[in-house]
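J.: Single-letter residue listing:
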Amino acid sequence: MKIGVLALQGDFALHAAALARCGAEAVEVRMPAQLAGVDGLIMPGGESTTLLKLMHEWGFVAALEKFHAEGKPIFGTCAGLILLAREVANPEQFSLGFIDVAVERNAYGRQRESFETQGTATLDGAAHPLTMIFIRAPRILAAGPSVEVLARHQGAPVLAREGSVLVAAFHPELTDDATIHAYFCRMVAEATSP
Amino acid sequence: MAEDNGLRIADKKHIALAEMLKGGVVMDVTNAEQAKIAEDAGATSVMALERVPSDIRRDGGVARMSPVKKIREIQKAVTIPVMAKARIGHFVEAQILQALAIDFIDESEVLTPADEHFHIDKFAFSVPFVCGARDLGEALRRIGEGAAMIRTKGEAGSGNIVEAVRHMRALTGGIKRLTLLNPEELMTEAKNLGAPYDILRWVSKHGRLPVPNFSAGGIATPADAALMMQLGAEAVFVGSGIFKSSDPPKRAKAIVQATTHFKDPDVLARVSEELGEAMPGLETSKMAEKDLLQTRGW
Chain A
13 MKIGVLALQG
23 DFALHAAALA
33 RCGAEAVEVR
43 MPAQLAGVDG
53 LIMPGGESTT
63 LLKLMHEWGF
73 VAALEKFHAE
83 GKPIFGTCAG
93 LILLAREVAN
103 PEQFSLGFID
113 VAVERNAYGR
123 QRESFETQGT
133 ATLDGAAHPL
143 TMIFIRAPRI
153 LAAGPSVEVL
163 ARHQGAPVLA
173 REGSVLVAAF
183 HPELTDDATI
193 HAYFCRMVAE
203 ATSP
Chain B
-16 MAEDNGLRIA
-6 DKKHIALAEM
4 LKGGVVMDVT
14 NAEQAKIAED
24 AGATSVMALE
34 RVPSDIRRDG
44 GVARMSPVKK
54 IREIQKAVTI
64 PVMAKARIGH
74 FVEAQILQAL
84 AIDFIDESEV
94 LTPADEHFHI
104 DKFAFSVPFV
114 CGARDLGEAL
124 RRIGEGAAMI
134 RTKGEAGSGN
144 IVEAVRHMRA
154 LTGGIKRLTL
164 LNPEELMTEA
174 KNLGAPYDIL
184 RWVSKHGRLP
194 VPNFSAGGIA
204 TPADAALMMQ
214 LGAEAVFVGS
224 GIFKSSDPPK
234 RAKAIVQATT
244 HFKDPDVLAR
254 VSEELGEAMP
264 GLETSKMAEK
274 DLLQTRGW
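Keeping their order, the protein sequence lines are chains A and B.
Position in the first sequence (first residue = 1) + 12 = this note's numbering.
Numbering follows this note's numbering, with no gaps: position 224 of the second sequence is 207.
One chain only, chain A, in its complex shape (with noise of 0.2 angstroms):
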């Protein structure tokens, strides 16, 4: 199984090593052409705005309307939940469109805001303790019908699902527990499977 990290900036690293960890096959995608050796998708914390440029730039965001439509599973992290998202505020930017969530930007404040906490992940049906690292993260402000949300956070998603995506307010890949990353490891299997 070989799972794609979009390389194009931010802690892709991170993906590719937690990705590793579950046994599966991190490829660094900077080029759409790559999207086709791939069968399934993380595109990483970073910068939303650079992501956007550097995507339009080399026409990523037709390759990857392709990709979803073919139901290959996609995992974004903070900067890659707000190019996932339906609707971004603060500010309204380009999004996707793949997951039925409305985000704000930046929504916790600047950097001396960000916070580590400790939550609750329902994967599958079981509880997992969770650490949650949030980076000057978005919040999930709305959530569609068909989105399963898989942990809150002050009553706010911050991982959620719907359908072949997942994405997460906060990054899984900087702490050592493979739990997120075996889940969309999952996800990805059953998607290949016949």
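It is worth saying that the hints were derived from the structure and are not from the lab.
Careful, some of the hints might be misleading.
So, partial list: chain B residues that the calculated Cβ filter (under 8 angstroms) puts toward chain A [what the hints assert, rightly or not]:
(1) M3
(2) G6
(3) T27
(4) T62
(5) I63
(6) P64
(7) H189
(8) Q240
(9) T278
Over 10 angstroms on every C-beta distance to chain A, these chain B residues come out as not near it, computed from the model [what the hints assert, rightly or not]:
(10) S229
(11) A261
(12) T267
Glycine included, C-beta positions come from ideal geometry on N, C-alpha and C.
Here the structure of chain A is known, so what remains is to put chain B in place on it, guided by the hints.
T.: Leaving out everything else, chain B in the frame of chain A:
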């Protein structure tokens, strides 16, 4: 502060912000208009300072923290993280920058040092610091003081990449050497480098610094940025190189593209076309010791 692996280093959340900036370009800006140009070009962050390094070099005098009004204007103009420079050892400038909720403080040799003996105790702050280094010992001293990111110094405002290359090779070479040493050799190495032993031992075991390592000082072209990335930088800082060139928006965008696609010569060729004039460069080997910025700090 984190006690991971027994190390007293910067907070995990601060190192994390540096992780998010990897593969990107931090651009020096002096006002809101330049900050907007930088953001539109795809900068991951902007660095607020009073004057770009080449102007500091030309005008002389004391270079200080950027005026508060300018910093607030820059913060209002962009949504990306805003960094700002404080003078080496000037912990009150740093306190002010913290009060302004600056995302990363650069304790920088580009400004006139406020203290010739002591750098800032970075553990006393709730915002992260980046510090310059010319070699492994200097990098480890700054990490030991709480820096959440290291940038090799290069020679700011020179438009000449040679010092940036020298410092990056010194740092990566120093790290490689550590990985080859036997345990009994490490204390002597720490003594010779003037480096904290615990952090040095961690680097010896892991073959990398415990915080991200970016490159600064002299990057003027997309090729310069890609060179530093191929030499092991995890991201780049560009100072005078953008706003002292003939077409800043175009050059800024090209350097962003080159930093992402640093291993792809076809992309590098494409983005290097029709950029206009680069900033004028200085021959650093002919500069007097007193004119060098890199020798500030220890």
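J.: Next, verify each hint and record whether it holds.
T.: Hints, one by one, checked against the model:
1. M3: It holds, given that the least Cβ distance between M3 (chain B) and chain A is near 5 angstroms, below 8 angstroms.
2. G6: holds (4 angstroms)
3. T27: holds (4 angstroms)
4. T62: holds (6 angstroms)
5. I63: Where the cut-off is 8 angstroms and the nearest Cβ of chain A is about 5 angstroms from I63 (chain B), the hint holds.
6. P64: holds (7 angstroms)
7. H189: violated (13 angstroms)
8. Q240: holds (7 angstroms)
9. T278: violated (30 angstroms)
10. S229: For S229 (chain B), whose nearest Cβ neighbour in chain A is about 22 angstroms away, the distance exceeds 10 angstroms, so it holds.
11. A261: holds (22 angstroms)
12. T267: Answer for T267 (chain B): holds, closest chain A Cβ roughly 30 angstroms.
In terms of the numbered hints stated before, the structure departs from hints 7 and 9, listed from lowest to highest.
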